[in-house]
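Asker: Since the structure of chain W is provided, determine the placement of chain R on it from the hints.
2 protein chains.
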Amino acid sequence: MHACLVRRVIQRTYCQGLTASSLPGRNDHARDMRQRGQSRPHGVVQGISRYHMSSINNSANTDRKPKIARGPYSDVTDADINFFESLIPGRVLTNPSDVDPYNEDWLKTCKGSSKVVLRPKTTEEVSAILSHCNERKLAVQPQGGNTGLVGGGVPVFDEVIVSTQLMNKVISVDDVSGAVVCQSGCVLETLDNHVAEYDLVVPLDLGAKGSCQIGGNISTNAGGIRLLRYGSLHGSVLGLEAVLANGKVVDCLSSLRKDNTGYDVKQLFIGSEGTLGFITAASILCPQRPKAVNVALLGCESFNSLVSVLKTVKSEVGEILSAFEMMDHATMEVVTGNLNLTCPISNNPFYALIETSGSNSSHDQEKLNAVLEKLMDKGLMTDGTLATDMTKIRAIWQLRERGAEALMVDGYTYKYDFSLKLSDFYKLVEAVRERIGTKATRVVGYGHLGDGNLHLNITSSEFKKEILDLIEPFVYDWVSQHGGSVSAEHGLGLWKRNYIYHTKSRAAVDIMRLMKQVLDPNGILNPYKVIPAE
Amino acid sequence: MHACLVRRVIQRTYCQGLTASSLPGRNDHARDMRQRGQSRPHGVVQGISRYHMSSINNSANTDRKPKIARGPYSDVTDADINFFESLIPGRVLTNPSDVDPYNEDWLKTCKGSSKVVLRPKTTEEVSAILSHCNERKLAVQPQGGNTGLVGGGVPVFDEVIVSTQLMNKVISVDDVSGAVVCQSGCVLETLDNHVAEYDLVVPLDLGAKGSCQIGGNISTNAGGIRLLRYGSLHGSVLGLEAVLANGKVVDCLSSLRKDNTGYDVKQLFIGSEGTLGFITAASILCPQRPKAVNVALLGCESFNSLVSVLKTVKSEVGEILSAFEMMDHATMEVVTGNLNLTCPISNNPFYALIETSGSNSSHDQEKLNAVLEKLMDKGLMTDGTLATDMTKIRAIWQLRERGAEALMVDGYTYKYDFSLKLSDFYKLVEAVRERIGTKATRVVGYGHLGDGNLHLNITSSEFKKEILDLIEPFVYDWVSQHGGSVSAEHGLGLWKRNYIYHTKSRAAVDIMRLMKQVLDPNGILNPYKVIPAE
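Chains as they are written, first to last, in the numbering used here: chain W, 32 to 565; chain R, 32 to 565.
One should not assume that every hint holds.
Because identical chains share one entry, a pair is satisfied inside a single copy or across any pair of copies.
Said to hold, decoys possible - No more than 30 Å apart at the CA atoms, straight line, and that leaves these computed lysine-lysine pairs for BS3-like:
id: 1; residue 1: K168; residue 2: K452
id: 2; residue 1: K342; residue 2: K200
id: 3; residue 1: K322; residue 2: K405
id: 4; residue 1: K98; residue 2: K342
id: 5; residue 1: K409; residue 2: K547
id: 6; residue 1: K279; residue 2: K452
id: 7; residue 1: K152; residue 2: K168
id: 8; residue 1: K279; residue 2: K547
id: 9; residue 1: K495; residue 2: K423
id: 10; residue 1: K279; residue 2: K152
id: 11; residue 1: K152; residue 2: K452
id: 12; residue 1: K495; residue 2: K168
id: 13; residue 1: K98; residue 2: K142
id: 14; residue 1: K168; residue 2: K322
id: 15; residue 1: K168; residue 2: K547
id: 16; residue 1: K200; residue 2: K496
id: 17; residue 1: K146; residue 2: K342
id: 18; residue 1: K458; residue 2: K342
id: 19; residue 1: K168; residue 2: K139
Quick caveat, the hints were computed from the structure, so don't treat them as lab data.
Only chain W is shown next, with the shape it has when bound in the complex (with noise of 0.2 Å):
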């Protein structure tokens, strides 16, 4: 196929003042979850199975129960009830059916039995709230939106839960720097559509976004499809306001970008998930607002073909690139076979789907059509179109953003999250299909390629112990022999922490037992979590 062929394919049409935020499909599934309450759905989630989630509560039959014993905490009394009560009239749920739903994540892969929640809103709540449990050595675990995927943000026994529910409020908004200031409570997409008031978006975007909270996505470090444009919270938030174990508040809330006085405190909090320290303010650079977005589908016939084609893409439009995703032939037949929905370019190996968001829709498109003419060229593409209006951009995102929904319909999911070199990264789900072999429904991949980070899915009508077994721990070995990451953008919470030396050295681990040790010596905050047992 040539160049005048892509010409045909491509779709010119305009679409100015589109922006990220208006794509659909790519939050339905997770928003406003807490309030769907017990009608959530289970599975979509990656890294963990169903099998998992018998794992704490009930002695299920499987090797694989953690073996966590209750750390040495004091039990909540009625005096404590009485403090938080006093303490934070009205914001204190005892009541078991107004605590449960705090005590189980969302994927309802682990449950807790805590028997009391704290609603603060303010800093100085949660420093006293801390420092009562420090002093009375009562386990806490920090809430957000309860949308965590590695069962790190829920209790393992009777912890207290301190939630940020209430710690809602914009602080500051600067629309010249960017610099927008908030309490960590503010749901993603609440802060998202305030500042775009301002011409200005939160350089984060994720499935979650309409229940996540801003507190709960740094200290996971959460990263999604914004990444490859903006980078990661580490260079996007300018300062914190932190409480530690003891309730001592730590304010690095800077909105300053540059500032090099001393040792980047903060940072170390981004991606302890709540395990150094609560955060309750953050201080995060916002970038102007794109005000025209374009989406392209094309179709590759191999795997390197999908690799020149994103060194292609980011050679020619880098700088208005806002991402690059890529899916497999599975993934394609899952999402059109279980979900109806319909490829709008011919049968491929493989499909990108390429977004750019820019300050001028023309010369986006300009340059998106320059650079798949030459991609046709070439030969590294086969097919492809190119949307600019909101219609077909929505029908695009459809099908790389309702691929986890199309899996449910096989049965069951076995799904995993990793990083890897781009020269690796699709070689893991060929072995995985040569492993398993006619045992699985299907064995699909698709993810964030311009980021390495792949999401790797298997499917059968129901769970089997034997495919889990053919699954782990080949794909945690695998993926540690080639040096890639077990967790790419989850965490490691409850579920992957005795992972964590598949992807990271002893001396950086013995480093995070240390900064435990000195921050939190009574090991109260979210304890069982990300650091691994002894």
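Answerer: Below, chain R without anything else, positioned relative to chain W:
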């Protein structure tokens, strides 16, 4: 002046293929300082005055002499030298004339009395050296290119100097992901030239690039002119290898863009100025090298107009903006008056230097032209020129980059480097100007407006204590009261460590002390630096 006049002064010349690194002027004065030796210029520095130069080595009549007592470290013995010589034969310098250049910073603000320089080539050698020094309680001075501006890279007393000069191997370049892995002694400019062969660019550019080393850049969290575009090193450093004070090697040398397996340990070593560990290798995310560079110089009638220009430019050409520098009228006067440079536009109270870097030169020029017309229509600029060929770009950059050199012609320069909110940014210059009156030759403000980073300079025919006393601690107090940073990009080192509380909270400094105590209990790494005196 209306739009047609802008169009008249804008020169529509085209220059494809120009890259940021080919821009001259920026690096001239600092290039290869090591080779220049004694002829290196004094005074081209932010935040340190010559006043400091005699403060340690001479008993100058100053009440600001740091009152530092030598720490409880051992003296270097012949046995130590023999051990080092057996470890790295031929790479132990003890001849005073060889050691001398390593003892003194290039600005000659401070000079230590070390008797030995070690030049390891490998991480294992660094590990063996530190292990020995830690056991023997020998203080250690890590040193990169020795281009620091706060006395952080040279010994205060007789610390063993460990130089990364010979650790200059590029280990790998991944031209698809952009991950570049190298030893810490790679000179920034050499590294940038190397990755240019792969169409990549190191996401850091600063005046000293011809001499400074990437390990030192990372240790000091260097900022520079590309920060506006590519963000800080906390975001763009993917991995680090560092050796702890006890010789233990911490391997966090990941090249993965996403890795959420536990705490991001490498962040500890970014910006801690060698006090927590010795960086031996780094993995850096290098973006695609821009194909097209354009530079515009605009004149504005007020500082508020300048800020509006920044906001408009970020909004209209945000995705290609690679520098937004400001100069006041006094800056333009000193570069034109003292260096005979020519300003290509009419006299104005304020000037903006705007650089764009993108993939398509004509698109970028079209966007820039459009935004300049808009600015003119709004009355935000009074005059402007757009340069697209190398000669004109060079001439414009010199107006900004040779400011420090021009100031030296006045005699003595008192230099400062602050981060401030844009609403306060220029008020400090005005406050200092009013406070000093006619006592100084001039008070000049220029800097990285896009990052809120002000370089404040005051000159007089010679150093005058009376002027210094008018400036300090006034400026530090002013910056602190306005929530700014007393060190935007230069770090604290020796000279600024005791100003840390002007910017950082006591709780944050307490955490710094804990980190230092835990990772370097004997305090051998870069003593007397960063952490404030008790």
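Asker: A separate judgement is required for each hint: does it hold in the structure or not?
Answerer: We went through each hint and held it up to the structure:
1. K168 - K452: Neither way: K168 and K452 sit 44 Å apart in one copy and 42 Å across, limit 30 Å.
2. K342 - K200: between (42 Å within a copy, 25 Å between copies)
3. K322 - K405: Both: 26 Å inside a chain and 17 Å across chains, each within 30 Å.
4. K98 - K342: neither (46 Å within a copy, 56 Å between copies)
5. K409 - K547: Neither. Shortest intra-copy (53 Å) and inter-copy (55 Å) distances fail the 30 Å Cα cut-off.
6. K279 - K452: between (41 Å within a copy, 27 Å between copies)
7. K152 - K168: Within one copy, since 23 Å is at most 30 Å while 49 Å is not.
8. K279 - K547: Answer is both; intra-copy 15 Å and inter-copy 19 Å each pass.
9. K495 - K423: This pair counts as neither: shortest intra-copy Cα distance 39 Å, inter-copy 69 Å.
10. K279 - K152: Answer is within: at 17 Å inside a copy they meet the 30 Å cutoff, but 44 Å across does not.
11. K152 - K452: between (43 Å within a copy, 28 Å between copies)
12. K495 - K168: Classified as neither; 41 Å inside a copy, 59 Å across copies.
13. K98 - K142: Within. Shortest intra-copy distance 15 Å satisfies the 30 Å Cα cut-off; inter-copy 58 Å does not.
14. K168 - K322: Neither: 52 Å inside a copy, 59 Å across copies.
15. K168 - K547: both (16 Å within a copy, 27 Å between copies)
16. K200 - K496: neither (46 Å within a copy, 48 Å between copies)
17. K146 - K342: The answer is neither: 53 Å in one copy and 50 Å across copies each exceed 30 Å.
18. K458 - K342: Within one copy, since 19 Å is at most 30 Å while 46 Å is not.
19. K168 - K139: within (28 Å within a copy, 54 Å between copies)
In summary, the structure is inconsistent with hints 1, 4, 5, 9, 12, 14, 16, 17 from the numbered list given earlier, while agreeing with the others.
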